[in-house]
Amino acid sequence: MFGRRIGRRLLRPGQALAAIALIGGTIAAGAAVAAEKPGREGLFNAETFTLKNGLRGVVIVNRRAPVALHMLWYRAGAIDEPAGKSGIAHFLEHLLFKGTKTLKSGEFSKIVAANGGQENAFTSWDYTGYYQFVAKDRLPRMMEIEADRMTNLVLSENDVVQERSVILEERRSRIEGRPSSILWEQARRALYLNHGYGRPILGWMHEMERLSRQDALDFYKRYYGPGNAVLVVAGDVDAAEVRRLAEKYYGPVPRMEPPPRRQLAEPPQRAERRVIYRDPRVRRPSFSRMYLAPGYNSDGAEHAYALQVLARLLGASSTSLLYQSLVVRQKLATAAGSDYSATRRGPSSFYLYALPKPGVSMDRLEQAVDAELAKILKNGVPEEDVEAAKQQLRDMAIFARDSVRTGATAIATALMTGRTVADVEAWPARIGAVTVDRVNAAARHVLQRRKSVTALLLPQQPAGANPAGAKKAEVRKQ
Amino acid sequence: MTLLQRIAGPAAAFAVAALALFAASAASAAVEVREVVSRSGVAAWLVEDHSNPVLSVSFGFRAGGSRDPAGKEGLAELTSVLLDEGAGNMTALAFQKKLEKLSIRLEFEVGRDQFRGTLRTLSRNRDTAFETIGLALTEPRFDADAVERMRASLLSSYLRKTRQPRYLARRAFWSSAYPGHPYGRPVSGTEKSLGAIDRADLRRFVADNFTRDNLFIGVVGDVTPAQLAVLLDKAFGSLPAKGKPQPVPASAPKLPGGIVVERFDTPQSVAVFGQPGLPRRHPDYYAAYILNHIMGGGGFTSRLYREIREKRGLAYSVYSYLWPLRRSALMLGAVATQNARVAESVGIVRAEWARMAREGPSAEELAAAKTYLTGSYPLRFSSSSRIADMLVGLQFEGLGRDYFARRNGTIEKVSLADVRRVARSLLKPDQLTFFVVGKPAGL
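So the sequences go chain by chain: A and B. In the working numbering, each residue carries its 1-based index in the first sequence increased by 5. In the working numbering, each residue carries its 1-based index in the second sequence increased by 1307.
Quick caveat, the hints were computed from the structure, so don't treat them as lab data. Nothing here was measured: the structure is a model prediction, and the numbers come from that model. Note that the Cβ used here is the ideal one computed from N, Cα and C, for glycine as well. Mixed in with the good hints, there may be bad ones.
Listed below are several chain A residues computed to face chain B (Cβ distance under 7 Å; list not exhaustive) [what the hints assert, rightly or not]:
hint	residue
1	G121
2	Q123
3	S170
Under 8 Å between C-beta atoms, here's a sample of chain B residues computed to sit facing chain A [as the list claims (entries may be wrong)]:
hint	residue
4	S1345
5	S1347
6	Q1403
7	S1410
8	S1545
9	P1574
10	F1607
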């Protein structure tokens, strides 16, 4: 009811992981459906095409409602930012809503609204995405204006100054006002010694303050073009018609070769790290640990599917190993969980957390977490847990087909991270093929302390004082 | 339908867009809502859809946090998180494992006036899924260890919230607007109130409130009316027919205007503001709804967004919304700005409120709002669970099974004179009260 967010949305780590976990999970149902109807084709039955200028297009038909989701994603995110310009990818995402050669600043959103459309955009480390959700007969107009801002953006100094102020407020809201976010940001930089995943998507405050109009235009010119983008349209549409419209509106955009990428690789990680953040605003301490982990595209990628199963059985729900051990049996924590996504252009992270019950020390909790992990490394995970986790992951996909958005997002994310539609369709089978031995091997590969950061969120010392407590309210007539 | 590429004049643009949108918005009228009644009289609204072998169920009891006894705030919420922590002869783990094995998702959520549940299941497991609802609602175990575990979990959330400026601002608003009234009390409870709840309280809450006369149900997906009638009895048939009526008294919010500041050491202040609103069934509600859309509900095109974010970069998030409760009504909003400049944001909200009260919206603003609100309506029908939730919402408000077909016509009928009249009568700049949490300079 309350807490509605408006404005351009930033894909935060938690959201990204959840979204991607769901995306991965969506494929699962394909297997279930296939089992019921032998010979039936895939899960999303996406059709693909490529325009002469390099733009890749995907169409997913879903006739649930006479609507169309129109998405344009660029393979440009926080990891592509030049040194010293952190936050420019996200800033540019905001600035895409300013003027073009034919539209005044703000007119883009007016047009979307005038067509009964809902829209937003988001920036992640690996990509930036823009979308509109409209009645299906509005699709051509959305394509027209989206194609326009791909290369015709016009930015005034005033646009930049005003929107820079907005992103600073966004940072204050998402990071500076939340101790857990402050910790997360510091811990992530410690996890990735070299790779761009260690930088905050919003950017470091001191660099955000100095981002200029030229910085934005440089990033725009370098990365925004058809050869570096994927168009995904999902809904009550016809593939041939979407292709025809794409040719009409996106086709004329000049060809652009995607720029070469030089991602900084991670060096061997040799030293375990601890990041401790104390803040007077913390009343509820937390423990988390992140391990450097392979993604689909990095060293160790052979563990990627097994790691998804491991994350599921270790801490995805209240029946999971960590929750049952720490929260139910030992009563040391009020919550515990784990998360992992393989859908990255580069390396990934395997994440665990636990919230200590009042009166339980952080040391005690950490010992208990490590004891649980040691057990898994020594004895392996229970086979029935592996089978249950696999089945839960596979079953999530039938539900995903019910929403226009989920399949589209799964496929777009895959294409942004060097995967294919076929990979997305093969996901249930590959999850199904994971064995308990593979899960144990993945655990041994990832759960190594030298490749980890332990992050503790603690109240300000000394304990007992309440310096941030709210003072009595004062009423003033204005 | 032909689309004009070049449009002369804003009014023409909106007129054409409105006409062109009629085709799509008519689609929501095509969603057929049937009533299904079980043998024992349990009624549900059904939208059949056999395109996917899934079922989405949404249901709600007219009983939320406002029914928590004084001193035991958080009771409804604690009940809600315990309903899947063991039922019948299955303890928590067994119950949860059973659901997971069958990919049945059953969740509960509590608001001030409503206790809501949602179920999602594959068609092939729907019998078990509905039986599970029945078990959870009629035989929750409330085992001592589960109760302590969930109490600790809610307490943990509470501790975290008490250091979040947005939560503090909302708490200040509600407790100030409804002193001594259930709406003024926190739905999530406090440290003290959560500690005061015992198992007898939980059982009493269920016995008093989970009754068939208090229940609304919406079902969307792969089930026929005949099948559903049987399933409804599995889930809800053994609930008591009648409950103990515990009406929450009607109350106008106490919002005398001015600014209340709660000092809290954080770099960005959050300001929550509000004044009295309109009940859902008020004849002017749709005019008010459109008015709010123009003021601060319209995402990137609202006045507050334009003045505060677009023009001055003072906020990332600023918005307003109507909130019709069962026994009261509010018009609320929020804005978050750095401490040094939040006074400016507050001033602009004030000024825009007064300007709208005086002048109302322009013809173009009204046309744009109506175009958007009617044109975007079909988007709400893009997933089963959303439709199921809407079906329950309609029943709570007494809005009728034909609402989907009527709604856009009602929006279209609102005239400029209507909206301007409602702007004058509804918007009360002097009563708009601000609750600011942070270290606001100059306030």
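How the hints compare with the structure:
1. Taken as an interface hint, G121(A) checks out: its beta carbon lies about 2 Å from the nearest beta carbon of chain B, inside 7 Å.
2. Restraint check, Q123(A) versus chain B: the minimum CB separation of about 6 Å is within 7 Å; hint holds.
3. Evaluation of the S170(A) hint against chain B yields a held restraint, the C-beta minimum of about 3 Å falling below 7 Å.
4. The beta carbon of S1345(B) comes no nearer than 25 Å to any beta carbon in chain A, farther than 8 Å, and the hint placing it at the interface is violated.
5. Given hint, S1347(B) at the interface with chain A, is violated; its Cβ is 30 Å from that chain's nearest Cβ, farther than 8 Å.
6. For the restraint placing Q1403(B) at the interface with chain A, the shortest Cβ-Cβ distance is roughly 5 Å, inside the 8 Å limit, so the hint holds.
7. With a cut of 8 Å, the hint placing S1410(B) at the interface with chain A holds, because the nearest CB-to-CB distance is about 4 Å.
8. The interface hint given for S1545(B) is broken, as the beta carbon of that residue sits about 26 Å from the closest beta carbon of chain A, more than 8 Å.
9. Restraint check, P1574(B) versus chain A: the minimum CB separation of about 5 Å is within 8 Å; hint holds.
10. At about 4 Å, the closest approach between the beta carbon of F1607(B) and any beta carbon in chain A falls short of 8 Å, and the interface hint on this residue holds.
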